[in-house]
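*Asks:* Knowing the structure of chain A, use the given hints to seat chain B on it.
2 protein chains.
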Amino acid sequence: MTQSNNDNKLKDPSVKRLFEGKNFVFISTLMKDGTPHLSPTWVDLEEQDGGHILVNTAIGRVKQKNVSRNSNVALAIYDQNNPYDMVSVRGRVVEQVSGDVAEKHIDKLAKKYMGLDKYPGRSAGEKRIILKIKPKKVFHMKYG
Amino acid sequence: MTQSNNDNKLKDPSVKRLFEGKNFVFISTLMKDGTPHLSPTWVDLEEQDGGHILVNTAIGRVKQKNVSRNSNVALAIYDQNNPYDMVSVRGRVVEQVSGDVAEKHIDKLAKKYMGLDKYPGRSAGEKRIILKIKPKKVFHMKYG
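Here the protein sequences come in this chain order: A and B. What the first sequence shows, in the working numbering, is residues 4 to 147, in sequence order. What the second sequence shows, in the working numbering, is residues 4 to 147, in sequence order.
This is chain A alone, in the form it adopts within the complex (with noise of 0.2 angstroms):
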């Protein structure tokens, strides 16, 4: 097992092709009494500002209205590939975005998840809101 948590991990190449690659990430947010939830999500990187992950969801969903209450996340991406190849995260969201720039970012995920130009899972009244990630650690796993 290779294991290792130095900064600015997520400019590393083997970690980075995990966030750019068709690969769910799991994030983990807090309940109202402070229980762990967990959802599967797509996500990006941004590598502004030393790198942020960004995950994209709608407003008033479970996760967004438990990171507007508690800040403090976990997220675990895989390999699709290979199971063994990990990358686990803890961290906080610093920002959310909605408006524009969100709704023109579910369907630049749609892009990469699905090849579609536009994101066909729109609910009415949907209102999109990207969650921007800082992380704290970053662990690599890769075992075998």
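All the pointers check out, no bait thrown in.
Identical copies carry no separate label here, and so any pair may be met within one copy or between two of them.
In silico DSSO-like cross-links for lysine-lysine, where the CA-CA straight-line distance does not exceed 27 angstroms:
| hint | residue 1 | residue 2 |
| --- | --- | --- |
| 1 | 145 | 107 |
| 2 | 19 | 115 |
| 3 | 107 | 137 |
| 4 | 35 | 12 |
| 5 | 145 | 130 |
| 6 | 115 | 14 |
| 7 | 145 | 115 |
| 8 | 25 | 12 |
| 9 | 35 | 139 |
| 10 | 145 | 68 |
| 11 | 25 | 107 |
| 12 | 121 | 145 |
| 13 | 137 | 12 |
| 14 | 145 | 25 |
| 15 | 35 | 137 |
These are computed hints drawn from the structure, not numbers from a lab.
*Replies:* Relative to chain A, chain B alone:
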């Protein structure tokens, strides 16, 4: 998307097959400061007493220390051949079992996941322990 959270969902064949396959589970536990921690692990089901999820770890690992302090956990498991088929669970560690049972159980998991009779990853002095998880909410999500 199919989503359901009825009781005894662990017995549902479409959920059970995810736990019975060679699929990873991600487990979220709570650090001392209340922030979430996520780690990947193998998994097993126990069908007695309404059904428990069994995770095998070593005494002293982060997740084992975390659940000893706060028993609330969240889990997610996905079909490694189709990440759009996944189950998310919220529950509690109701029991921890160490000793021979736990040592035999990690060998059982090595058989399931690696086809080996004996778990090859033991470190010197390592003591295995089973985290017995009682699900409270089980969500099966299947997209596409």
